[in-house]
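S.K.: Under the numbering used here, think of the first position of the sequence shown as 24, with each following residue one higher.
In case anyone wonders, no lab produced these hints; they're calculated from the structure. Be aware that one or more of the hints could be misleading.
Unchecked claim - Derived Cβ-Cβ restraints for the label pairs, each shown as a range:
{"id": "1", "residue 1": "Ala142", "residue 2": "Leu37", "range": "25 to 31 Å"}
{"id": "2", "residue 1": "Met24", "residue 2": "His128", "range": "22 to 28 Å"}
{"id": "3", "residue 1": "Asp79", "residue 2": "Pro127", "range": "34 to 40 Å"}
{"id": "4", "residue 1": "Leu224", "residue 2": "Pro196", "range": "27 to 33 Å"}
{"id": "5", "residue 1": "Ala155", "residue 2": "Leu89", "range": "41 to 47 Å"}
{"id": "6", "residue 1": "Arg153", "residue 2": "Arg25", "range": "38 to 44 Å"}
{"id": "7", "residue 1": "Ala263", "residue 2": "His128", "range": "40 to 46 Å"}
{"id": "8", "residue 1": "Met24", "residue 2": "Arg232", "range": "27 to 33 Å"}
{"id": "9", "residue 1": "Ala203", "residue 2": "Arg25", "range": "23 to 29 Å"}
{"id": "10", "residue 1": "Arg36", "residue 2": "Gly235", "range": "46 to 52 Å"}
{"id": "11", "residue 1": "Leu262", "residue 2": "Ile138", "range": "23 to 29 Å"}
Cβ coordinates follow ideal geometry from the N, Cα and C atoms, glycine included.
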Amino acid sequence: MRTLILAVQFLTRLPTPQLKTFDPAWLADAARWFAVVGLLVGACVAAPLALLAPLDPWLAALAAWLAWAWVTGGLHLDGLADLADAQGAAHRSRERFLEVLKDPHVGSFGVIVLIGQMAAKLVLLMLAARHALWPALVLIPAWARLSAVAWSSTLPALSAGSGERFAWRSHWPSFWLSAALLAVLSALTAPALLVAPAVGLFWWAYLKRKLGGMTGDCLGAGIEVSETLLLTACVVFALA
Numbered sequence: 024m025r026t027l028i029l030a031v032q033f034l035t036r037l038p039t040p041q042l043k044t045f046d047p048a049w050l051a052d053a054a055r056w057f058a059v060v061g062l063l064v065g066a067c068v069a070a071p072l073a074l075l076a077p078l079d080p081w082l083a084a085l086a087a088w089l090a091w092a093w094v095t096g097g098l099h100l101d102g103l104a105d106l107a108d109a110q111g112a113a114h115r116s117r118e119r120f121l122e123v124l125k126d127p128h129v130g131s132f133g134v135i136v137l138i139g140q141m142a143a144k145l146v147l148l149m150l151a152a153r154h155a156l157w158p159a160l161v162l163i164p165a166w167a168r169l170s171a172v173a174w175s176s177t178l179p180a181l182s183a184g185s186g187e188r189f190a191w192r193s194h195w196p197s198f199w200l201s202a203a204l205l206a207v208l209s210a211l212t213a214p215a216l217l218v219a220p221a222v223g224l225f226w227w228a229y230l231k232r233k234l235g236g237m238t239g240d241c242l243g244a245g246i247e248v249s250e251t252l253l254l255t256a257c258v259v260f261a262l263a
């Protein structure tokens, strides 16, 4: 339970019991719960969408987007903005990339990408509300966070930060069990999400080719990109 609490505390703003003691090694073990935490995030997003969709799809989308931003505390959006700024300023220099990545200020590249990401999610959530895709919303954050476990376990860390601490240890038995369960749930409720492994592989290949490794911001950015691509896949599947 300690590692589950740590995973919830790291990935969300949801209230949890306070731990009286702490061992940094627990962070590595907490990664096995990332998919479960993703389901909690998904439930928080899907609930307002399902409840408000009959009233108005735009209202439902706004409520779901706000819930998504609140429950994650904007953690992954921050990583996406930082990665965009670093990529825009790096000019193929890894040293410059890491330098900009550590800068807490948001630059023009980050602002542009943030606006695009928020607009994309809002529109996709509206379409999801129109087509009653709330079951898919429960699973999408779980798939994205499970992919982050694979990225952190198979790519070298480019810096020492909170996100990289989860890469200390691999959790392949729990990873494959989670992947199998999500695949079954996806096949039953949202078949379009069966493309999730391909989406995860796409981001892994991007990080491998562009950077040769990962940071915590890269993981957060990957979660955001994966969520948007998976939501797009579900909407396209529904419209087809």
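S.K.: Confirm or reject each hint.
M.R.: Verification of the hints:
no.: 1; hint: Ala142 to Leu37: 25 to 31 Å; verdict: holds, 26 Å
no.: 2; hint: Met24 to His128: 22 to 28 Å; verdict: violated, 38 Å
no.: 3; hint: Asp79 to Pro127: 34 to 40 Å; verdict: holds, 38 Å
no.: 4; hint: Leu224 to Pro196: 27 to 33 Å; verdict: violated, 20 Å
no.: 5; hint: Ala155 to Leu89: 41 to 47 Å; verdict: violated, 20 Å
no.: 6; hint: Arg153 to Arg25: 38 to 44 Å; verdict: holds, 42 Å
no.: 7; hint: Ala263 to His128: 40 to 46 Å; verdict: holds, 42 Å
no.: 8; hint: Met24 to Arg232: 27 to 33 Å; verdict: violated, 39 Å
no.: 9; hint: Ala203 to Arg25: 23 to 29 Å; verdict: holds, 25 Å
no.: 10; hint: Arg36 to Gly235: 46 to 52 Å; verdict: violated, 33 Å
no.: 11; hint: Leu262 to Ile138: 23 to 29 Å; verdict: holds, 24 Å
Hints 2, 4, 5, 8 and 10, counting from the list given before, are not met by this structure.
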